[in-house]
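Undergrad: Turn these sequences into a full structure, and let the hints steer you where they fit.
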Amino acid sequence: MKKRKTVFIVLAIAIVMSILVYSANQYLPGFLHRLVKEKVASLQKDGILLEYDSIKLELWRNRVAIDTLSFSLIDKRISAKVYGCHINTIRLLPLLFRKRIHLEDLTIDSAAVSIIKLHSKDSAHRTQKQHDAFAMVNVCTINHLYVRSENVLSHDTVTMQGSISLTGFTINGEKDPWDFSAMRADSLVVHSPFYVVSVDYFDIDRERKYMHLDTLRIKPRFSKSEHARRKRVEDDRFHGIITGVTAEGLRFNVGDSAFVNTSLLKCSFALDVFRNKHYPFPKRTYMPLPMDALQKLPFALAVDTLRIYDSAVSYEEIGEEADSSGTIYFKKLKAGIFHISTDTSLPAPYMEASALFMGSGKLLVTCQFSNTSKPAVLKGSLSDMPLQKMNDMLKPQVKIQVESGVMTRLNFSFRFNDHRSDGTVDISYRDLKLTSLKSDKDQKDKAVKNNLLTLAINTFVKNDAGRYVTGDKQTGIILFYRDRKKAIFNYWWKSILSGLKSSFSLRVKANKDNVKKLAQKDVEKRKHKKE
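Start counting at 1 in the sequence shown, then tack on 154, and there's your number in the working numbering.
What the hints contain is simulated information worked out from the structure, not anything from laboratory work. C-beta atoms are modelled at their ideal positions from N, C-alpha and C, and glycine is treated no differently. There's no promise every hint is true.
Subject to a maximum C-alpha distance of 25 Å in a straight line, what follows is the list of computed BS3-like cross-link-like pairs (lysine-lysine) [stated by the list, open to error]: (1) LYS485 x LYS543; (2) LYS549 x LYS431; (3) LYS373 x LYS420.
Label pairs and their calculated CB-CB ranges [unchecked claim]: (4) HIS298 x THR578: 57 to 65 Å; (5) PHE453 x ARG371: 19 to 27 Å; (6) SER527 x LYS373: 41 to 49 Å.
TA: See the structure below:
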């Protein structure tokens, strides 16, 4: 009796399951197609156009294949085309009862995205309407992604291509528009009007609290002269490579409540910068200092420690009145910046850096920034610097060549705010001999020695014994009013330069006084001889 009852229950369950399977096979595909069409029509009313060529449902294998999918945001002028979209696992219950899309594995053979930036007044004030759409993809892989962004106003076009994999990707109209837990990218290449930027490998993972960028290359599309000609203004041209960018203890969020927090960020780079000052300065009214720039970020930022190691930077410039370029460079650059944060209630950032200036001078710099009304403080020193190394910059800029001399010590310390800097410079050097240059009349590009100015200059750098040497700690006063259109490095350099000029002026005055005393003594000696 019990066996018959068990068999009966099993048969009943089997019959019910067969009916459910049959019903699902007959009606579920049609229901899903109708659900998709209704959702597409609903999105179209909200300015979201979604089209597809064909959808193939394999319910028993839990797979969906879409041949070609087109997506457009009409108001924002954003469109995308997806080719070969394969969904390997789709959860049906959230779709049927909660109208939420939950995919386990999404693979896209190729995707092309087009973005057109209008920069119109209407688009600036347009508010984004929130939707109740929700979608989640556990793993999304795009084998080949192509993104094209066009600026209608400037006619500039930026393109990006590569392969991307997203984990825990969500679209939520109720809260933040989108989010992800991890992303990996390979062989990314970005083409902009003036640069080609490539990334070998990029990995960011929220669960591991880790980010790594293998190698980023910045390559200009044009030569130095052509870059300046196309820019039409004084502008920096960058060429270099950034390696080993790593973030540890990383926490981040995207959307309206976006933030990036990390305990350690480290990187290494080699960068060449070129600027041609024959062109007019850009039409901007203000260049913020670092603390002001932090406050303008569109997200909250907190970096406990930023480490720069084994890096190099060179800066080449053609001065406003120079006929050729000059270059300065820093090797074995190391730096640490601590307490970087957009939260002004926390301690202000502190920086310490060291490098070999022109490959030999030992440069040490510290800076205590300020996030209050108090001024920031910059201190530093440069020692054992062969001054002949500066000829590449001095000859085209100020028509002076160093024949011999070593800067034994340069100490500087000054306070600065957004408007002015105040401090002192102490300089010590030995065996300094200078040559003044002038342009050759027969060969305009050639510089020749100016004997008269050379004699005058070296008279002022000689001591009483006639040697090319100065005393220790020739002090100069730093007082400089900032050009608020220019960056902080220009501000720092011009501040130190004001102190150097002050030191040289005091030295010249002292030498003039000595010359007067010697002349007076000579006159007195002649009077005694006549008597």
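Undergrad: Against each hint, give a clear statement of whether it holds in the structure.
TA: How the hints compare with the structure:
{"no.": "1", "hint": "LYS485 x LYS543", "verdict": "14 Å, holds"}
{"no.": "2", "hint": "LYS549 x LYS431", "verdict": "16 Å, holds"}
{"no.": "3", "hint": "LYS373 x LYS420", "verdict": "22 Å, holds"}
{"no.": "4", "hint": "HIS298 x THR578: 57 to 65 Å", "verdict": "60 Å, holds"}
{"no.": "5", "hint": "PHE453 x ARG371: 19 to 27 Å", "verdict": "26 Å, holds"}
{"no.": "6", "hint": "SER527 x LYS373: 41 to 49 Å", "verdict": "43 Å, holds"}
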